[in-house]
Amino acid sequence: NDDCLLTRGKKYSSARWRLDGRALQKLPVHMGLVVTEEEPSYADMASLVVWCMAVGISYVSVYDHNGIFKRNNSRLMDEILKQQQELLGLDCSKYTVEFANQDKADQVLNCQSALKVLSPEDGKADIVKAAQNFCQLVAQQRRTYTDLDVNVLDNLLSSTNGFPDPDLVLKFGPVDSTLGFLPWHIRLTEIISLPSHLNISYEDFFSALRHYAACEQRWGK
Amino acid sequence: MSWIREGELTIIERFCGNIIKAGPMPKHVAFIMDGNRRYAQKCHVERQQGHSQGFDKLAQTLRWCLNLGIREVTVYAFSIENFKRSKEEVDGLMDLARQKFSRLLEEQENLKKHGVCIRVLGDLPLLPLDIQELIAQAVLATRNYNKCFLNVCFAYTSRHEISNAVREMAWGVEQGLLEPSDVSESLLDKCLYTNNSPDPDLLIRTSGEVRLSDFLLWQTSHSCLVFQSVLWPEYSFWNLCEAILRFQMNYSALQKARDSYMEERRRQQMERDQAYVTKKLQQEGFASHGDSQRRWTLLQKCTAMREERIQGFLQALEHKREDFFERLCTVSA
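Sequence lines, in order, name chains A and B.
Per my numbering, the very first residue in the first sequence carries number 2; after that it's consecutive.
Per my numbering, the very first residue in the second sequence carries number 21; after that it's consecutive.
Chain B on its own, in the form it takes in the complex (with noise of 0.2 Å):
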């Protein structure tokens, strides 16, 4: 399959493997593949080589993720920025994924023996017409698989992604969906275009580089981060498992970090949603600490309330964009 390579360990990468996988290991792990051209003048080839090469290594990078039993990843094939690039770069990075993702549609027997779940996370209307017509093919033809999930951020930038988020949000209130002080993170999480995958737990960057560059900037607030020098058409399997060594020692302070800032979030929401019953009742004309009965029966109501607003919210915007696709597929159907 030219989306993973296929094969097994070698023998001795078995054995390491399995010694890491007596820890904690992470269940996403989001790339930021970065190194390809510098590859590229390093072995005096063509740019578009290097990005060919940055292709075969992602390959190989999945089918490792897989064996580790690594069952989701995340990659930043192409940002927003990158449209910056020269004219022919960009049309050779567009033939390249023309290539790639009607190779993937050839593949789909495989595809589906694997359980192998596309999805493209992006400002796809920015992409020429034909290649957001395979990507629409591809991610609904994968739909339903669910033993491994591969996303590919393309046209895309974490900020448009949050942006996007909340013109979402605010397409809801305007459609009737939503209240205003429905709009919370756990929400906002939920509009994202990584809304079906959980935050990741590892994010790699290769090249050196030491920033994030617009790259889910909202779902690694609390990820381990491990920036790696080695460019990424030259990738090994050691230096996933060197990240992997990373985010094991990480693993405990993260998990506490992460579960006070949930704790935090819980409480504010709790708060806000207290002030809001003792306003009420203040409207009603009850005393605001009075009946602790009736406080308690009107906040059930209104988070009940709140719940059912969001989920006819969640079904609205699932169904816009599942129509997105659907309406690029049969255009070129």
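Only chain A is shown next, with the shape it has when bound in the complex (with noise of 0.2 Å):
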């Protein structure tokens, strides 16, 4: 049942989405929207995170080095919802997002994809957290320092729980820089540049992940 709506210009069926993404040899599980521009609009991002789940991408994570979203998290949230519902239409249901980080229970309906809101707290601060949790329990006895490995060290890191490392980031802005995006969970993720986030087009966004299904991954091998 197609329901065709109107998105800046051009008529897109809500099945399309999803088709789109099924079409591509690999989809991200966890996409990055990074935005290094110093004005994030709130419009453009949403439908960025939109898109993202109409796709089919599991986990999305938005992230400025300002802070600027996650210190308007309300903002976003609303703006997310708006083009949910202008861009699906009828089939928002299907589209559900569950914030991750906020307490909107009531929107989680049928959950397909969780997005969390980050900042540059969580990335080198909430290692420095962990290891001063880790710490706390050497110095009550409860840990040895050998106990801590590379794995050790990954569960105890809490900014992105539950999410797995992002595959892809999405790095918007003239910066050519990761400005202090996750840098711990980042260390196979590909990283692909835009020029800006502003007015982003759905065809740019889509060549993008054609790119990264396209890219080999050799693992160190």
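Just so you know, these hints were derived from the structure itself, not from any lab.
Honestly, I wouldn't trust all of these hints.
Some chain B residues judged to face chain A by a derived CB distance under 10 Å, without partners named [unchecked claim]:
#1 Ser183
#2 Ala190
#3 Asp202
#4 Leu208
#5 Arg266
#6 Gln331
#7 Leu334
Positions of the beta carbon are idealized from the N, C-alpha and C atoms, including for glycine.
Taking the hints as your guide, dock the two standalone chains into a single complex.
Below, the structure is given as structure tokens:
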């Protein structure tokens, strides 16, 4: 049952979105949307989030190095809900977002995707917090220093609880840096740069996904 | 010198170098030298040849960096993940390392003349013992040179490095040298293998891949990342200039982002310290917002004591690391 919706001058059926996702050889499981521009746009970020979910990406994180999205979380959420309505219309319930760091439990109907809004404090500061917690345990003689290895530290981190490491980061803006986005978690993340998130089109978004689907990963071998 | 190609820039290279040097220059450049095997395939030679050419290209690139006044370079030579490769390839890479480190030790006069400090960063106990010994000799022999610095990441991943740093701090707590509340970003910085270097200003990865592959994840959070499609053995002076130009275009934005990050970090540390002082005063029965003189005095005292603990801990850590290398040298003597 195709509902045709007008989106930025183009007609998209809601069934089309999922088909687009399935047409790709591979889809990221966790997509990071990193904005390096000084003035983030709530409407454009909301579109990106909704496109990610519509296309079938299970985990989405949003980041800007000034923590603007995080501080104005509810504004972003409202914009996302609005865009969901506009872009997905009556099929809204199928694409309902679980707001991983919000208490909008009434929004959670049929969880397809999870969203986190992150800032620099979820990066190095989270690693430091985990280190402090471990050192507390050592001070209390409940652990010894040799207990700590890569896996133990990984499990002590909390900023991305329940999320796998990002497979793909779409980085928007002119700055050639991750600006503190989840340094621990991006060890194998593909980083694709786009010039701006302002007035971003679905075509540009999707072509980045196509680019990702084509890349070969050797895992050190 | 085998590790740093002799020679000066050509006239055209010098001309372009001077133009570039008019702008801000990176002080520390990191390289992910990717593409040796694809190069070997392209030229129909053995993989080992590709790696050997890769080393030659490293020597040439170090020369270009020095000519441009870039005095610190860090390279990703061998990842812990690379142990997963075929035995043949891993043995080949280990042999290459043996060859190159032995050569290095034969050229000690040259290293002294050019003041090259060699550091090898990684989980060295994972390597064959004889290579560990060669590395120890190279590191100890050049440890006091300071004209330029070459950091070779060997048996390295960033996650292992960060975990190791946290483990060292936990060791410090266990030894009674540190309090858990002393653990901070800046202390973690000082426990990494790279603690003697500033963060890289510029990270370059060749061969077209656009990922960090577990290399210097902590240190490059605010570095300029440049991904170039050229295969490493084909890297040219112009590729290097191109990367430096990208660095220059990003310079003010990155400077600004770094400064605001450090400011926020200082602010949060100050907040934590104030909270600690408040708690302390309450415990001692004083009103938390009472005497500002008493607050200030307590704050100074706590900060000074923490500084003292941290200095003691860092000295012990330095000692532990030197010990590790020295013990390897006496084994081979």
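Q) Is the interface hint for Leu334/B satisfied, with its Cβ closer than 10 Å to some Cβ of chain A? A) With a minimum Cβ separation of about 16 Å from chain A (threshold 10 Å), the hint on Leu334/B is violated.
(Q) Please check whether Gln331/B passes as an interface residue: C-beta within 10 Å of a C-beta belonging to chain A. (A) Since the shortest Cβ distance to chain A is 18 Å, the answer is violated.
Q. Close enough to count: is the Cβ of Ser183/B nearer than 10 Å to one in chain A?
A. holds, 5 Å
(Q) Would the hint on Leu208/B be counted as holding, given a Cβ-Cβ threshold of 10 Å to chain A? (A) holds, 6 Å
Q. Taking 10 Å as the limit, does the beta-carbon of Arg266/B come near enough to a beta-carbon in chain A?
A. Arg266/B check passes; min Cβ-Cβ to chain A is 6 Å, inside 10 Å.
**Q.** Interface restraint verdict for Ala190/B against chain A (beta-carbon cut-off 10 Å)
**A.** At about 4 Å, which falls below the 10 Å cut-off, the nearest Cβ of chain A leaves the hint on Ala190/B intact, so it holds.
Q | Residue hint Asp202/B, partner chain A, criterion CB-CB below 10 Å | A | At about 8 Å, which falls below the 10 Å cut-off, the nearest Cβ of chain A leaves the hint on Asp202/B intact, so it holds.
Comparing the model with each numbered hint stated earlier shows that hints 6 and 7 do not hold.
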